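With the hints as your guide, set chain G onto chain E.
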Amino acid sequence: MRPSASERERDGVGTRWPEVAVALFLLLIAVLVVKDSLRVGIGWADDGPRSGYFPFYIGLLLFAASFTVLVKALRHWRRDGVFASRAQLTDVLAVLLPIALFVGAASLLGIYVASFGLIGWFMRRHGRFGWPTTAAVAAGVPLVLFLVFERWFLVPLPKGPLERLLGF
Amino acid sequence: MEELNNLLHGFGVALSGPNLAYMLLGIALGVLIGVLPGLGGANGIAILLPLTFTMNPTSAIIMLSCIYWGALFGGAITSILFNIPGEPWSVATTFDGYPMAQQGRAAQALTAAFTSSFVGALFAVALITFLAPWLADFALRFGPAEFFAVQLLTFCSFVGMSREPPAKTIAAMMLGFALAAVGLDTVTGTLRMTFGSTELLRGFDFLIAVIGLFGIGEILLTMEEGLAFKGKSARLGARAVWQTWTQLPRYWSTFLRSTAIGCWMGITPGGATPASFMSYGIARRTSKDPQAFGKGEVAGVIAPETAAHAAGTSALLPMLTLGIPGSPTAAVLLGGLLIWGLQPGPMLFVEQKDFVWGLIASMYLGNIVGLLVVLTTVPFWAAILRIPFSVIAPVIIVLCAIGAYTVHSSLFDVILMLVFGVLGYLFKKLHYPLAPLVLALVLGDMAEASFRQSMLLSQGSLAIFWSNPLVASIAGLAIVLLLWPLWGAARDRLRTREAASAVGDAQ
Numbered sequence: 044m045r046p047s048a049s050e051r052e053r054d055g056v057g058t059r060w061p062e063v064a065v066a067l068f069l070l071l072i073a074v075l076v077v078k079d080s081l082r083v084g085i086g087w088a089d090d091g092p093r094s095g096y097f098p099f100y101i102g103l104l105l106f107a108a109s110f111t112v113l114v115k116a117l118r119h120w121r122r123d124g125v126f127a128s129r130a131q132l133t134d135v136l137a138v139l140l141p142i143a144l145f146v147g148a149a150s151l152l153g154i155y156v157a158s159f160g161l162i163g164w165f166m167r168r169h170g171r172f173g174w175p176t177t178a179a180v181a182a183g184v185p186l187v188l189f190l191v192f193e194r195w196f197l198v199p200l201p202k203g204p205l206e207r208l209l210g211f
Numbered sequence: 002m003e004e005l006n007n008l009l010h011g012f013g014v015a016l017s018g019p020n021l022a023y024m025l026l027g028i029a030l031g032v033l034i035g036v037l038p039g040l041g042g043a044n045g046i047a048i049l050l051p052l053t054f055t056m057n058p059t060s061a062i063i064m065l066s067c068i069y070w071g072a073l074f075g076g077a078i079t080s081i082l083f084n085i086p087g088e089p090w091s092v093a094t095t096f097d098g099y100p101m102a103q104q105g106r107a108a109q110a111l112t113a114a115f116t117s118s119f120v121g122a123l124f125a126v127a128l129i130t131f132l133a134p135w136l137a138d139f140a141l142r143f144g145p146a147e148f149f150a151v152q153l154l155t156f157c158s159f160v161g162m163s164r165e166p167p168a169k170t171i172a173a174m175m176l177g178f179a180l181a182a183v184g185l186d187t188v189t190g191t192l193r194m195t196f197g198s199t200e201l202l203r204g205f206d207f208l209i210a211v212i213g214l215f216g217i218g219e220i221l222l223t224m225e226e227g228l229a230f231k232g233k234s235a236r237l238g239a240r241a242v243w244q245t246w247t248q249l250p251r252y253w254s255t256f257l258r259s260t261a262i263g264c265w266m267g268i269t270p271g272g273a274t275p276a277s278f279m280s281y282g283i284a285r286r287t288s289k290d291p292q293a294f295g296k297g298e299v300a301g302v303i304a305p306e307t308a309a310h311a312a313g314t315s316a317l318l319p320m321l322t323l324g325i326p327g328s329p330t331a332a333v334l335l336g337g338l339l340i341w342g343l344q345p346g347p348m349l350f351v352e353q354k355d356f357v358w359g360l361i362a363s364m365y366l367g368n369i370v371g372l373l374v375v376l377t378t379v380p381f382w383a384a385i386l387r388i389p390f391s392v393i394a395p396v397i398i399v400l401c402a403i404g405a406y407t408v409h410s411s412l413f414d415v416i417l418m419l420v421f422g423v424l425g426y427l428f429k430k431l432h433y434p435l436a437p438l439v440l441a442l443v444l445g446d447m448a449e450a451s452f453r454q455s456m457l458l459s460q461g462s463l464a465i466f467w468s469n470p471l472v473a474s475i476a477g478l479a480i481v482l483l484l485w486p487l488w489g490a491a492r493d494r495l496r497t498r499e500a501a502s503a504v505g506d507a508q
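The listed protein sequences derive, respectively, from chains E and G. Using the numbering used here, count along the first sequence one by one with no gaps and you end on 211. Using the numbering used here, count along the second sequence one by one with no gaps and you end on 508.
By construction, these hints were calculated from the structure, which means they are not laboratory data. Given the structure is predicted, the values throughout are model-derived calculations rather than measurements. Misleading hints may appear alongside valid ones.
Unchecked claim - Here are the simulated lysine-lysine pairs, DSS-like style, with alpha carbons at most 30 Å apart:
1. G:K429 <-> E:K115
2. G:K429 <-> G:K296
3. E:K78 <-> E:K115
4. G:K429 <-> E:K78
5. G:K296 <-> G:K430
6. E:K115 <-> G:K430
In isolation and in its complexed conformation, chain E is listed as follows:
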């Protein structure tokens, strides 16, 4: 017997909510595009089409397409597929949050220190490596990256207090 929609809902998330959320997000963008095109002008000036001429129709098409998706999702509300199970979503968040923290840390501490943290956290949490291995890899990778980018390609990457302390 196939589990009913409500039963599946309990151990996971159905597709309908993400589906509606993404469609609404696209609708919002469409409205922004149309509004801004109207602001800069969608008609003709003396020297040709104005700046909003082309994006205006892009906005309208985006509106129509995402509206269709939204209506379809609402009409098939009961026929729901599985988006992801609870456990899967936890796994995704367990990666997404560290990435977000990493991006935030990169601007404060520099990308090398942030990389050390990210690799270390991943290896401890997901790989269950011992401290020595974790420390070696987490420190080694940023060091190699430093040599490749700053020394070899002469591309400066964001640095933080630690690099300043070391005199870079």
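Same frame as chain E, now just chain G:
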């Protein structure tokens, strides 16, 4: 025979010492990118692109295109040995490749896969060699209306040929166009959709989008699937290679059919992934023994690999001649050309002969080098995959962040990359196609420029798109492709109605 002379000259360019070294480096990096999940041809090249800004454009494109060939080869290794497609276009290779590896025929499957990739690419490069100059010559006569019609054809064929719902394909595409329009409008000097933000003045760079959508998005998907590498080990001896090669000529018809499918799907922007699926499906349907497919049939490896590589290679034909890339990776390469100050399109063949023919010659050489490299180094790549994902994943994330940062040396871009990563994950899960989004983002400004110029010529009348037979037939074809899903839906509905009435009659 001007093409052959040009090609010989191109070989001279490609065979110079440093270019040969860049070729080898590119292939090695490409196979690595192809093997690692989360790093693909498109975002791998996007990450490395900023490092080539200071290089000579010919050497840079040779290295970057070789990364592409390497990635096409590399995808097969993980599919066959680990049942994990390293690239989306090698998904179909797992169907028969992995069963073969389980039966202890991994060497045979790998040899067949590499060889068919090579054959597919070779045919596609030959096609480029002889068709590209002719197409470029033809396109020299194009006006803005013709160019817009070709771009329209590109985007309509996405809607018509996509396996995803048409509304979602259009939505993804229009999002790409909308993002491309953000920033300074170079024609009138007006700021569009920046909403007072200085960060948005630059607009959305497609490199950031590619790194986020394909790189971070893929990592999130991989984490969700809970990846564990349990692979077959492989040794690829000269004997096994030779034995497989003696059997391959029997599959000449599979090769030919798959090459044709691949070239067609590559030139029209179907891309390598649908080409590989279509080729696999047709190979099974036309086989004498369809039941053997999925259980370790060699033809089931040959068909998708040939088509994927043929499509991946021929995607460069419209990119070089018309400035319209046939795949996301070709779109990234096109972005590279623009950054190096080369305008892709018909004039490239007139003004930058060294560059174009050096690149085409490097496609021949790169694929030969690629075949030799993968045949000799399989165990090494398989060993890399035994590194746990918990080590590979954060390193890939760090590389993506660095790649996004180096495009404009901006930390805001790294945040954007993360946003695109989440969007990529959601889009993948909800079956929005990513390729039209990326292509629209790359081509947005060009499409808008040619549309505006056409409108200027015609004083705002759409009639310019059927004002002469050439533009009318291109635009007509575009409309047919756009309406193709409607026809399919109508046919299905008719069929179910007939079936329903037949059931009704029986009662």
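Hints and how they fare:
1. G:K429 <-> E:K115: It holds: about 18 Å lies between the C-alpha atoms, which stays within 30 Å.
2. G:K429 <-> G:K296: Measuring from Cα to Cα gives roughly 28 Å; hence the hint holds.
3. E:K78 <-> E:K115: 25 Å, holds
4. G:K429 <-> E:K78: 29 Å, holds
5. G:K296 <-> G:K430: 28 Å, holds
6. E:K115 <-> G:K430: 17 Å, holds
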